[in-house]
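J.: The listed protein sequences correspond, in order, to chains A and B.
Going by the numbering used here, the first residue of the first sequence is number 446, and it counts up by one from there.
Going by the numbering used here, the first residue of the second sequence is number 259, and it counts up by one from there.
These aren't lab readings, by the way, just hints derived from the structure by calculation.
Nothing here was measured: the structure is a model prediction, and the numbers come from that model.
Glycine is no exception: its CB is placed at the ideal position from the N, C-alpha and C atoms.
Be aware that a few hints might be false.
What the hints assert, rightly or not - To give an idea of the chain A side of the interface with chain B (calculated C-beta under 8 Å), a few residues:
(1) V552
(2) Q562
(3) I702
(4) G706
Stated by the list, open to error - Below, computed lysine to aspartate or glutamate pairings styled on EDC-like, alpha-carbon distance capped at 16 Å:
(5) A/K618 with A/E494
(6) A/K678 with A/D633
(7) B/K470 with A/E593
(8) A/K693 with A/D528
(9) B/K470 with A/E590
(10) A/K618 with A/E490
(11) B/K424 with B/D399
(12) A/K727 with B/E439
(13) A/K573 with A/E593
(14) B/K424 with B/E439
(15) A/K693 with B/E337
(16) A/K500 with A/E520
As the list claims (entries may be wrong) - Here are the in silico distance ranges between beta carbons for each label pair:
(17) A/D656 with B/S299: 28 to 36 Å
(18) A/E734 with B/A471: 31 to 39 Å
(19) A/E734 with B/P392: 39 to 47 Å
(20) A/P588 with B/P324: 16 to 24 Å
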Amino acid sequence: MSEFDHERPVDRRSLLIGTGLTAMAAISATVAGASNQFIERLLRERFSELGPERKQQILDDLEREYSERYGRSVEVADTPPMDGVEFGYGLDLSRCVGCRRCVYACVHENNQSRNPQIHWIRVLRMEKEQGIELAESNAYYEPAEVPEPDAFYLPVACQQCRNPPCVKVCPVKATWQDADGIVVIDSDWCIGCRCCMSACPYGARHFNWTDPGIPAAEINPNTHYLGNRPRPKGVVEKCTFCIHRTRKGRYPACVEICPVGARKFGNLLDESSEMRYLLREKRVFVLKEELNTRPRFYYFYAT
Amino acid sequence: MDHHETPNADESGNRKLLPGSSSLSLLLIVFLAFSLLTLFSIVKGGMGEVADDAGGTRAYSPADFPDVDFDRKLLPEVEAAATSDPEGTYRVPPPPFSNEDIFPCSECHADMEVNHERRVLEDMHDDIVLNHGPKERWCFDCHNPDDRDYLRLANGTLIGFDESYKLCGQCHGTIYRDWREGIHGRREGYWNGAKSYLLCANCHDPHSPHFKAIEPLPPPVRPQYLRVAAEEVHDE
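Use the sequences and the hints to build the structure in full.
T.: Right under this line is the structure:
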């Protein structure tokens, strides 16, 4: 190509050797510079396949790391799914006033980055005249008071699909569906390729472009390994139905903050649960049904 | 192929080159202009398209809203029941009176003569605006005239203020049923056990029940402002 090539030819052999040496040097430099925990985490098996002792060791390590970083005691649990439980979520569109209390309660509860900002819930404002028209919706509405007379509001977060496209595309199986239906991410296993983000038709997955910016005083110390523990830079995160709360029986934070009680949550396998009553008595629908994602998140109009 | 172009080409030389190089350079210029424009708009992120007051330019955090209680504490009864009674207990907080001294009503009303006349209230309770079917309704449709510490159902049964949902349910039967099953209204606590309900009156003023409009929390940061918002905070 250029004269340079002719003057100093680089043959295949020396190129390969050179590249190899450079790579090894880079790796050894990284290894030498990194903490023990980091290397261990880099080389270990995936979390879900570890024995209970090793798991506990990792959880303890994480607790120590987070407690040190945020200057307070942070608890990291790995509460397993309950037997005979499959979670379902209901949202009453006739009640939602679009006040975004749930958005910020979620940030507060799940240790999302404050800046750069990550919101797991997005509230879409739609015109009553048009009905549900995602393409025409507006997430940036800012009137003095809600609800506005000509609008209704559709909050969207992870739909916890039974047939989740995000899980299918993950090249390293860092995200999967647990027995109770929650689609979880192991952020120690995520390589940050963001395939799942482009596969998700609901825009429910979010990427940590930087280390999450959370003031130490605002951290929620009650965390779960697969959920709201502080994420590292370069991984994807999403709603987990508040896995750290719901696996211990509590309602998700968005359900409890909702000032109009539009958000419903329960066990789809329990016939006496709120969710089953809702599915029996109300007309429900799911978002983008035609994509066959089969969400566990049901929207309904109670009146 | 003669592509030599001399810096000091005369007029005739330029004309000779017209069909080839100058149209090519014209194309190049157009192409460059387009790519520069595209690059520019990518770098600028199309920020010009958003009006300054359209919202979504600043990143807010939950800590910016001290008035909103994000760390919601459960009622002590619910917390206690959660550990002792896995089958579930339902707790309802006390009814919301407009001020603490107003109940029991009999403190004032016991000695007063009952006035059945429809009238504009003066002196006392003049803060009450009846906007709940005002043409068809009056105080004694719900309040018991003979003992004001109780409400009265249509069939004459007296109920306490902490059971007011029975009174509301007389007309709003479907909502009452939804509320009982947990589909209407806010519930807090354990999805598989103890939880707290609210009374109708905790959210709906019985005298003017339409849910009052509230101020929304601010919108998310628009993607093109994410970096700006982050830098602003770091500057502070």
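J.: Against each hint, give a clear statement of whether it holds in the structure.
T.: Comparing the hints with the structure gives:
no.	hint	verdict
1	V552	holds (5 Å)
2	Q562	holds (4 Å)
3	I702	holds (7 Å)
4	G706	holds (4 Å)
5	A/K618 with A/E494	holds (12 Å)
6	A/K678 with A/D633	holds (11 Å)
7	B/K470 with A/E593	holds (12 Å)
8	A/K693 with A/D528	holds (12 Å)
9	B/K470 with A/E590	holds (10 Å)
10	A/K618 with A/E490	holds (12 Å)
11	B/K424 with B/D399	holds (14 Å)
12	A/K727 with B/E439	holds (12 Å)
13	A/K573 with A/E593	holds (10 Å)
14	B/K424 with B/E439	holds (14 Å)
15	A/K693 with B/E337	holds (13 Å)
16	A/K500 with A/E520	holds (14 Å)
17	A/D656 with B/S299: 28 to 36 Å	holds (29 Å)
18	A/E734 with B/A471: 31 to 39 Å	holds (32 Å)
19	A/E734 with B/P392: 39 to 47 Å	holds (44 Å)
20	A/P588 with B/P324: 16 to 24 Å	holds (22 Å)
Figure legend: structure checked against the earlier numbered hints; every hint is met.
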